[in-house]
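Undergrad: Work the whole structure out from these sequences, hints included.
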Amino acid sequence: MSVLLYLVPAALSLGLLGLVAFLWSLRSGQYDDIEGAAVRVLSDDDLRETAPARPDRNALTGEPRA
Amino acid sequence: MGTQVLPFPATAAPAAAAPVAQDYSLFLRRDPSGQAEMAFAVEGIDCAACIDEIEDGCEALPGIARARLNYTTHRLTIGWDAQAEPAPARVLEALAKAGYRAWPFEADRLEEIDNATARHLLRCLGVAGFAAMNIMLLSVSVWSGNVTDITPETRDFFHWLSALIALPAAAYAGQPFFQSALRALKARSLNMDVPITLGVLLALSVSVFETLHHAEHAYFDSAVMLLFFLLAGRYLDHAMRRRTRAEAGNLAALKAVSANRIEPDGRLVTVPAAAVKPGDEVMLRAGERAPVDGIVLSGTAAVDESLVTGETLPRAVGVGGMVHAGSLIHDGVLRLRTTAAGEDTFLDEIERLLDKASTARGRYIRLADRAARLYAPMVHTTALLALVGWLIAGASLHQAVLIAVAVLIITCPCALALAVPAVQVVAAGTLMRAGVLINSGDTFERLAEIDTVAFDKTGTLTLPEPSLSDTSAVPAPLLAVAARLALASTHPLARAIAAAHPQARPLDNVREVPGAGVEAEIDGVSARLGSPAFCGCEALATARAEAAPDASLVAVRLGEACAVLEIRQALRSDARAVIGELRDAGLKVVLLSGDRRAAVAPVAAQLGIKEWWAQMRPGDKIAVLESLDAKGHGVLMVGDGINDAPSLASAHVSLSPISAADVTRAQADAVFLGEKLAPVAAALNVARQARHLMRQNLMIAVIYNLIAVPLAVAGYVTPLVAALAMSGSSIIVTLNALRARQGGGAGGTQMDATAAPAGVKARGARQGGRVAA
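Protein chains in written order, with the numbering used here: chain A, 2 to 67; chain B, 1178 to 1950.
Please note that a few of the clues may not be correct.
To be verified - Simulated restraints, written as ranges between beta carbons of each label pair:
(1) A:Val-21 - B:Leu-1574: 41 to 51 Å
(2) B:Val-1496 - A:Val-40: 52 to 62 Å
(3) B:Cys-1224 - A:Leu-17: 37 to 47 Å
(4) B:Arg-1296 - A:Leu-17: 15 to 25 Å
(5) A:Val-21 - B:Ile-1290: 21 to 31 Å
(6) A:Arg-41 - B:Arg-1296: 13 to 23 Å
Stated by the list, open to error - Only some residues are given here: those of chain A computed to face chain B with a beta carbon under 10 Å:
(7) Ala-12
(8) Leu-43
(9) Ser-44
It is worth saying that the hints were derived from the structure and are not from the lab.
Glycine is no exception: its CB is placed at the ideal position from the N, C-alpha and C atoms.
TA: Okay, here's the thing in structure tokens:
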């Protein structure tokens, strides 16, 4: 049963890691705007830098923006 | 009854019409590094693209370091560079240009406390979840080991590890329950948290005892899982009320009145009403609502106090007269010295009645607490009997104690504690889709108990703003002229005329005649809008006034043609249908109004309400409610005026439209949105169904106990059985609660798209979805 000596601490520390991650995300305000986070992921404002030449065109397809 | 032939329209003093400086310093907050920050409530956000549009638009303004929109609460936070001079007015301007209306916003203290509590609950939930999962990992190993070949040393090791996780976790995550139980015990009462606390503490201490004695079973997993389930229920319940509060906070900001304060140097500055202090001088112009209570220093005006007293006939005030916050200035300009501002602005009488009424309301005991009062003693007696019984039957003390604890754990009101909040959360989501925001958790229970509905008239059965009522009787060209002339005036009646004809184009060179009306020349023909005397058709007006005593009359003249317009507070479009629906449902409908008999009678007749009272003072309304209560009726009061606030507080349960005065809205158990009355009926339907489900859930919990308790008393309950039974019952109760989603179906479809802000409905729908997930 000596396998327990490292399996149990490993399991516990993984769980603890999850808890710490949760508490950190809570503290950093990630639960303040749950619905905003869901729609912000779709916004493409990070593409502006990659297509500086034609900001009036869609960065992916090259078509003019609506 | 006097005919209401009003002087019309108002004239604003030319000096006061000059642009006024805006002062938002009240809302600015500076952090230690010198950065200024300000929050806005934004109206008109309905899609994800709005986020980018608003944030980018604001960040493009000079001096702004960051703009962050909270999509859930529709609030925008703007941070300015430390060196830059904050310019909130420019932000508002930029937002207005992009098509959003925004208002400076300050979270009130209650909301801050609420947010902190929610975060604490979530932290507790995280800790309990972590502990429950890890202890389960160890427990499952022990359970399977017990039937195979686990060595006693390994089992002890696992139990000690479980204790190491469970004890600190329970000490932290159990705080909300421990504190609430302690409060209840100090007040010498019992609530649901007392048996919870007792069960958790006993389970933990017995488990430690068992572990010390190398026993086969420990209950650490049950104790922590119990906390986890209960915390989940409590967090959901809290989230529901927090959402309503955020919504109400935004609405309060959107409705926040600003005041035109006269500075000592004579300048006029627009400040939020909250910044006005007693003693300040305030300028009031036609068409504005008084932001504070005050004494008139100069000027005369006709003041509409329908929001304050329910009386629709304007009252004339002059120098030395008193103007109450919430009164609408019909015409003239007033200079007031503030006597009371902010929360002190309601009438003494109302305040006194309100205090009395609110204490009476506090006697109501929630369904869940009533269940707890029955339940807790019963559980504890059963456990005690089991202990004594087994001792008499010859079991050892150790065995008997173990069985008694098993009884306590298995009866621990997991399902019972979830039974009510789970339904409340789901039903609140359903109601939100129907346009009703719930203020307090036990609203559903109380709504389901009523058999009488008392309506206020002004602003509740009728729309809050007056409107033109007989457009068909007036020749179309005259109506068009009236609307064009009306655009030039700020008088509330003029606004109603202009609203009836939205495509009207404004006229140039309109001349205002103080206290009489407006006139202009259209294609060489003189046109007038105003009092019947001003338009020279008094005979017509007198005849009409007799036929329609409840309307305000305005005359219009174009050349030789002349007509009289009737303006009254029109009934909400579905008022008759909703009243009929309520009556069909077996409810008694009564009407309590502060307005004149002549104004109330036609409304009562039109709606078929037989029992109605007019000219009611706030105290009279309470007296009627109390007499109904004494006859054994549960009364739902629906009202909006400041004069209704005490009766809302004293009724069994209360609703108010979103357009109601702040004081009144704060007293209401729920607030409904939109121009229609349908949400009132929807609220009642959903509440009935919710109560049905709550009772069903409590029954499920009781049946579960009826099966589980004999097993526990007989000594058959191992920790494995306890854990399975507890989660099983919790899940059944939660699933049953989800059926409350269907209740508002009818109300939901009755809502038209304009009635509720799109965001409210969409979010309501999504909230329901999240609960289901």
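Undergrad: May I ask which of the numbered hints given earlier this structure violates, with the numbers listed in increasing order?
TA: Those not satisfied: there are none.
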